[in-house]
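**Q** Listed below, chain by chain, are the residues.
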Amino acid sequence: MVNPLGAIYIMWYRQVKRFLRSRSRIIVSVVQPIIWMVFLGLGFTSALRGKPLFGGVDYLTFFAPGVIMMAVFFTAFFSGISVIWDREFGFLKEILVAPASRTAIIFGRILGDATIALLQGVAVMVAAFFLASQLNPLGAGWVLVAAFLTSLQFTGLGITLASKLKSFEGFQLVNTFISMPLVFLSGAFYPVSQLPPPASQLAYLNPLVYGVDLTREALTGLGSLPTSLNLAALLLSSLLLIGFAAWSFNKATVE
Amino acid sequence: MFEAGKGLEEVIVAEGLTKTFNGFKAVDKVTFKVYRGEIFGFLGPNGAGKTTTINLLTTLMKPSEGRGWVAGFSILSEPEKVRRKIGVLFQDITLDTELTGWENLWFHGLIYGVPRKELKQRIREMLAFVELEEWADRQVKKFSGGMRRRLQIAAALLHRPEILFLDEPTLGLDPQTRRRIWDYIFQLQKEGITVFLTTHYMEEAERLCNRVAVIDRGKIIAMGRVDELKGTVGENIHIRLASKSPEDAEKFMEALKSGGLAGEVYLLQTGEITLSTRNASEVLPKIFEEASKLNLKILEASYHAPTLEDVFLRLTGRRLRDSEVGGIESIRLAHRRR
Numbered sequence: 001m002v003n004p005l006g007a008i009y010i011m012w013y014r015q016v017k018r019f020l021r022s023r024s025r026i027i028v029s030v031v032q033p034i035i036w037m038v039f040l041g042l043g044f045t046s047a048l049r050g051k052p053l054f055g056g057v058d059y060l061t062f063f064a065p066g067v068i069m070m071a072v073f074f075t076a077f078f079s080g081i082s083v084i085w086d087r088e089f090g091f092l093k094e095i096l097v098a099p100a101s102r103t104a105i106i107f108g109r110i111l112g113d114a115t116i117a118l119l120q121g122v123a124v125m126v127a128a129f130f131l132a133s134q135l136n137p138l139g140a141g142w143v144l145v146a147a148f149l150t151s152l153q154f155t156g157l158g159i160t161l162a163s164k165l166k167s168f169e170g171f172q173l174v175n176t177f178i179s180m181p182l183v184f185l186s187g188a189f190y191p192v193s194q195l196p197p198p199a200s201q202l203a204y205l206n207p208l209v210y211g212v213d214l215t216r217e218a219l220t221g222l223g224s225l226p227t228s229l230n231l232a233a234l235l236l237s238s239l240l241l242i243g244f245a246a247w248s249f250n251k252a253t254v255e
Numbered sequence: 001m002f003e004a005g006k007g008l009e010e011v012i013v014a015e016g017l018t019k020t021f022n023g024f025k026a027v028d029k030v031t032f033k034v035y036r037g038e039i040f041g042f043l044g045p046n047g048a049g050k051t052t053t054i055n056l057l058t059t060l061m062k063p064s065e066g067r068g069w070v071a072g073f074s075i076l077s078e079p080e081k082v083r084r085k086i087g088v089l090f091q092d093i094t095l096d097t098e099l100t101g102w103e104n105l106w107f108h109g110l111i112y113g114v115p116r117k118e119l120k121q122r123i124r125e126m127l128a129f130v131e132l133e134e135w136a137d138r139q140v141k142k143f144s145g146g147m148r149r150r151l152q153i154a155a156a157l158l159h160r161p162e163i164l165f166l167d168e169p170t171l172g173l174d175p176q177t178r179r180r181i182w183d184y185i186f187q188l189q190k191e192g193i194t195v196f197l198t199t200h201y202m203e204e205a206e207r208l209c210n211r212v213a214v215i216d217r218g219k220i221i222a223m224g225r226v227d228e229l230k231g232t233v234g235e236n237i238h239i240r241l242a243s244k245s246p247e248d249a250e251k252f253m254e255a256l257k258s259g260g261l262a263g264e265v266y267l268l269q270t271g272e273i274t275l276s277t278r279n280a281s282e283v284l285p286k287i288f289e290e291a292s293k294l295n296l297k298i299l300e301a302s303y304h305a306p307t308l309e310d311v312f313l314r315l316t317g318r319r320l321r322d323s324e325v326g327g328i329e330s331i332r333l334a335h336r337r338r
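For the protein sequence lines, the chains are A and B, in the order given. In this text, residue positions in the first sequence follow my numbering: the first is 1, and each later residue adds one. In this text, residue positions in the second sequence follow my numbering: the first is 1, and each later residue adds one.
Chain A with its partners taken away, still in its complex shape (with noise of 0.2 Å):
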């Protein structure tokens, strides 16, 4: 019988060292943020100088903690893409053909891929710290549960994608195509809530609304929802999501 400790263990530890080994990836994952927030946090925020529009606080510091979200989502929903490379170059077989438990191989992997994006998304929210000065430093406890959370879902969804989808250009298109309005009615750039009727209710279904409404709670106190409401969002949908993620994964053949 082999230790499914030992098995999440593994996975957990490739993911994260194939990640600190890539140094274009650390740079890109982090800078990306960097330039929303600069470019589009701080020029909404002159344009709209004088008027304050979400809860009396400035443009970026309303954006900031959706940025952080946003890149703990890209990079998490982005990363089952690394299942594609495997499939390719052979070491998914080595893998599938191994005795260890898949639900512990699935895990470890998720586990790993949202160290990575937890990781990140504690890099941009340091870099928000210093761009947004409002901001309160003390909420970063409960934004390390938002993006841990959040990381855990969506490394479970694009995983269960890569499954699926066997090619780079699909998964890519695939990727993209729910990407976008994931995060246009994620309320990272404004308030779900000013959204028109079936917009404002559709959004509740996304689970990236919890974690930005979290995020932002605690770093400005402007969230809409309650910190339970947005925990238990959050712990179902990655219950769900890593679900399929295992089921998925259980029935993967090299096909």
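One or more of the hints may lead you astray.
Covered stretches of chain A, going by a simulated chain B footprint (3 or more residues, C-beta under 8 Å) [said to hold, decoys possible]:
hint, stretch
1, 10-19
2, 94-106
3, 203-216
Computed spacing ranges between beta-carbons, pair by pair [what the hints assert, rightly or not]:
hint, chain 1, residue 1, chain 2, residue 2, range
4, A, F168, B, Q176, 37 to 43 Å
5, B, T97, A, I27, 34 to 40 Å
6, B, L76, A, V126, 38 to 44 Å
7, A, R21, B, E131, 23 to 29 Å
8, A, W85, B, Q121, 28 to 34 Å
9, A, G43, B, S144, 50 to 56 Å
10, B, T31, A, F168, 36 to 42 Å
To be clear, the hints were calculated from the coordinates, so they are not data collected in a lab. By construction, the Cβ of each residue, glycine as well, lies at the ideal position given by its N, Cα and C atoms.
Got chain A sorted already, so can you dock chain B onto it with the hints?
**A** Only chain B this time, still in chain A's reference frame:
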């Protein structure tokens, strides 16, 4: 040591295994058994269905038809149990090239359930075996093709499986490394491990395997011990006469036929004759006697023991595609008279 046919335990059973890809039968009703402790080989050209058979037996693919058992567990309904008993060396590289050699083995050991206490020691042993100790801490992307293959072999053996599947184990390796791997496979057999291997090198099949199944276009076309398979084709004797006269050759061929020394005799070109026989070493001296009776000089006589290549040729009418040169075991006899 393994001896075929001695009340043996079946560890791999394939019954009519078939795998179809978009109407193309990659593996077509393949049926065979492998016994505990045996080295069993699938010999056939590239594209014959060898790798697909391994994929089916190692539960990486589901068969379209047929059934199979590995170590007593069904490949259809108990894939996890099958995976616990086997080790696989895939034909293509299955290493993580971003990780180091050591890390790849560490990874392998843990997902194959090697106890951590033993793992470090085993990794050291395996790295020593494949002579990659100095490369242990380098990323695999800096390894040459041969080094990657050796590391992969180390990984396949690391968890000491009960049944080992080797898909073209020595593909692209230099002769020295190849021989070392053969020695190691024999060593594994002594330890009681059953080996199923595929190869398109007939020398590999001849040297290593207790039994061989010849596979072509998805079908097993012959199966048995190597000597049994070779017994189905005769030995070839090749003679060069000093005389270039067609009449002399004709006369000599007649004499050989009437003396009952050969079934089929062919004239290759002026003065060169080839014939097939069951027992070349007994027949050769008699050929020389016939020649001296007719007062003919034999410049050169050679005989060619049958190889699995000849078996394949006889069964399919084709040569093993991209098979190796140099595997022919021939004994040359040169005889000159003044």
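**Q** Confirm or reject each hint.
**A** Hint by hint, here is what the structure shows:
Counting residues of the stretch 10-19 of chain A whose beta carbon lies closer than 8 Å to any beta carbon of chain B gives 6, which meets the minimum of three for the stated coverage. Coverage of the stretch 94-106 of chain A by chain B holds. Counting CB-CB distances below 8 Å, 9 residues qualify, and the rule asks for three or more. Here the stretch 203-216 of chain A counts 0 residues with a CB under 8 Å from a CB of chain B, which misses the bar of 3, and the coverage is violated. Between F168/A and Q176/B the Cβ separation comes to about 39 Å, which falls inside the hinted range of 37 to 43 Å.
With their beta carbons about 21 Å apart, T97/B and I27/A fall outside the hinted range of 34 to 40 Å. Distance hint for L76/B and V126/A: a CB-CB separation of about 53 Å, inconsistent with the stated range 38 to 44 Å. At roughly 25 Å, the beta carbons of R21/A and E131/B sit within the given window of 23 to 29 Å. Separation of W85/A from Q121/B is about 32 Å and conforms to the stated range, judged on CB atoms against 28 to 34 Å.
As the Cβ distance of G43/A to S144/B is approximately 52 Å, the hint placing it in 50 to 56 Å holds. Take T31/B and F168/A: their Cβ atoms lie about 39 Å apart, and the range 36 to 42 Å holds.
When the structure is compared with the earlier hints, violations turn up for hints 3, 5 and 6 and for no others.
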